[in-house]
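Enquirer: Take a look at the letters that make up each chain.
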Amino acid sequence: MMKGSQKSELAKREQRLAYKMLLPTLVILVVVALYPLVNVFVTSFTDKTFASSKKAEFVGFDNYKELLSVKIMKLPKVENEDGDMVYENPLRILPRKPMRYKEAFQFNFFGNRYVFGATNPDFLSSIGNTLNFTIWSVLLETILGLVVAMIVNIKFRGQGTMRTIMLVPWAVITVVSARIWEFMLMPTRVGLFNMIGDWLGISNGSVSFLTNRALQLPTIILVDVWKTTPYMALLLLAGLQIIPGSLYEAAKIDGANKFKQFIYVTLPLLKPALVVALIFRTLDALRVFDLFQILLNNQRYSMATYNYFQLIQAKRMGMSSAIGVLIFILIFVFALIYMKGLGVDSDD
Amino acid sequence: MTKLKKIGFYLMIALISFYLLFPFYWALNSSLKSEAQLQMTPTTLVPIDPQNGSFSPTFMNYASVIKDKQFLNGIANSTIVAVTTTTMALIAGSFAAFAMGKLRFKGRKQMLYVILAMTMFPQVTILSGLYAIITTLKLNAWFSMILTYMIFTLPFTVWVLTSFFKELPVEIMESANVDGCTPFQTFRLILLPLTAPALVTTGLLAFIAAWNEYLFALTFTAIEKNARTIPVAISFFTGIISRQEPFGEIMAATILVTVPIVVLVLVFQRKIIAGLTAGSVKG
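Protein chains in written order, with my numbering: chain A, 1 to 348; chain B, 1 to 283.
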């Protein structure tokens, strides 16, 4: 009996200490994050205009409906002026009221032709662009980051220099590094890549990396991989550092080769660091802004640049808040998948 | 290592270094070119004289950047803002991470998500809300930036450090307890030094993130132009030499602000080596 209450007294003390130590973070959180976040949620249900004194009105889910409404409709065959049978113009088929649907794309299914209409195809394609960008760039920089981290974890002459070199891309101011790449990617031989392509004879020296739709995303992904591999590598390096060397020795004695050591020792012990690095990189990639804004300049949107466009150019603050909330939800889903999928929060 | 393996290893290192450094080299190369040299077709790997093709770098971009008061001012502002942000994030973050990684309390898991949620909105969306807070609190530009930078530095710091505190064996806390340490003493005297590599790592990443931030800085220094940080100052370069966009000067400025960070990394990277060597912890 005595022992039990003593124990609970200890547990209570531990709990109190925990809350005390969380206090600074919580205070900062409340001051700096609570109001803006609540504000975004509230604004997303209004038609508030940016930088104007016009009174905002409550519009319910209208902003969300406009962003997310989609319709798939069958295109009938009709006769055109020349007497040929062609598919009907999607604009005639898609509903115009209460909101106007625009064609996103067409597809064939069991011999029929369908149109995929959306009230806001730009936003939907921005989601596609962002997901595509996120998956590829996070995957590539995780692999590359792991390789770099494992190399600089080995003791060799020049290790310190290499660790410094490793961080250079991350250290270059983001806005400027986008400009450096823009300059290197110029569609003439003034740009480095076209000069090299021409010199090697593999291109005519006028490849438009940033205006050719097929090249836009791969180009941006590669630029991002360059820029953020250091971030990944450094976080993973810190994770590698805390794996005790004795474990490798034990594995060696048990006859595990280098590959087996990697699979059975390195990866499991690296998992906590890897998950945190993945979550934060994914979160940043889903909000990618600078690269799309500077390199693609409204030719093609990411979710965040579309959000920016709605706010600054279209001045639709309610709409932009709704986009912000949707991005928030998407990011939250990703974070949950990582946490559950990789079993990080299962230990308590 | 056998000789062949060694050669392969260093070859790999050379390859990776080249990949990581060549855009930076291109910035250096461009910063040493005049406007005419920048537009040469085809572009050249080093600055050369268009007439006779001899090596001819120019330092006028650097000269004009160094004379620019905005630029020097920007370095000072960025340093103050980034150092303060990093310090605050590390202090508050390591406290919170200790609680989350090593103490048992109700609502631990939810707390992790709440802290993460703080950083899940795109910057553009929360800008107007933040602006309202700053006008209410009547903060100057420096404090506005420091406080708002917490949004992206603090959750990151808390999460990374939490994962490191969790890794530390419970036995350390127990033996410290036996020795008569209070939990807070255990944290400050024993656990914190052990997480030094993680502190340095997160500190460096947070520092650079704060140093490079653009959108918040642009907004909060709109009125107080003297408080502009480096990225904002560079974006406002009008160019002293150039008629159009001063690309050469922007590149020179980039080199000048990246070098101190590289030196900083060079100094601190020694600390990223195993803090958990045998002896302090036996796993």
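By construction, these hints were calculated from the structure, which means they are not laboratory data.
For each residue, glycine too, the CB sits at the ideal point set by N, CA and C.
Keep in mind that a hint or two might mislead.
[What the hints assert, rightly or not] Pair ranges (Cβ atoms, derived): (1) A:L139 x B:I66: 36 to 44 Å; (2) B:I80 x A:V38: 24 to 32 Å; (3) B:L11 x A:K20: 47 to 55 Å; (4) B:N177 x A:L139: 39 to 47 Å; (5) A:G158 x B:N177: 54 to 62 Å; (6) A:V333 x B:L192: 31 to 39 Å; (7) B:P169 x A:K20: 45 to 53 Å; (8) B:P169 x A:S125: 44 to 52 Å.
[Claimed, not checked] Some but not every residue of chain A turned toward chain B, in silico, with C-beta under 7 Å: (9) A18; (10) G160; (11) T164; (12) V175; (13) M184; (14) L185; (15) P187; (16) G324; (17) L326; (18) L330.
Enquirer: Just to be sure I understand the hint, the distance between the Cβ atoms of P169 (chain B) and K20 (chain A) should be within 45 to 53 Å; is that true here?
Expert: With Cβ atoms ~24 Å apart, the hint is violated.
Enquirer: Quick one: are N177 (chain B) and L139 (chain A) within 39 to 47 Å, going by C-beta?
Expert: Holds, since N177 (chain B) and L139 (chain A) (Cβ atoms, about 44 Å apart) stay within the stated range.
Enquirer: Tell me if P187 (chain A) is really an interface residue toward chain B, meaning its C-beta lies closer than 7 Å to one of theirs.
Expert: violated (12 Å)
Enquirer: Tell me if L185 (chain A) is really an interface residue toward chain B, meaning its C-beta lies closer than 7 Å to one of theirs.
Expert: Cβ of L185 (chain A) sits 11 Å from chain B, so the hint is violated.
Enquirer: May I ask you to test the interface hint for A18 (chain A) with respect to chain B, counting a Cβ-Cβ separation under 7 Å as satisfied?
Expert: holds (4 Å)
Enquirer: Is the hint on G324 (chain A) kept, meaning its closest Cβ partner in chain B is under 7 Å away?
Expert: G324 (chain A) check passes; min Cβ-Cβ to chain B is 3 Å, inside 7 Å.
Enquirer: With respect to the beta-carbon atoms only, verify the hint that P169 (chain B) and S125 (chain A) lie 44 to 52 Å apart.
Expert: The hinted range 44 to 52 Å holds for P169 (chain B) and S125 (chain A), with Cβ atoms some 50 Å apart.
Enquirer: Given a hinted range of 47 to 55 Å, is it respected by the beta-carbon distance of L11 (chain B) and K20 (chain A)?
Expert: holds (53 Å)
Enquirer: Note whether the CB distance of L139 (chain A) and I66 (chain B) lies within 36 to 44 Å or breaks it.
Expert: holds (42 Å)
Enquirer: Using Cβ atoms only, decide whether L330 (chain A) comes closer than 7 Å to chain B, and label the hint accordingly.
Expert: violated (9 Å)
Enquirer: Measuring from the C-beta of V175 (chain A) to each C-beta in chain B, is the shortest one below 7 Å?
Expert: holds (5 Å)
Enquirer: Is it true that the C-beta distance of V333 (chain A) to L192 (chain B) lies inside 31 to 39 Å, as the hint says?
Expert: Check passed, 35 Å falls within 31 to 39 Å.
Checked against the numbered hints above, the structure violates hints 5, 7, 14, 15, 17, 18; every other hint is satisfied.
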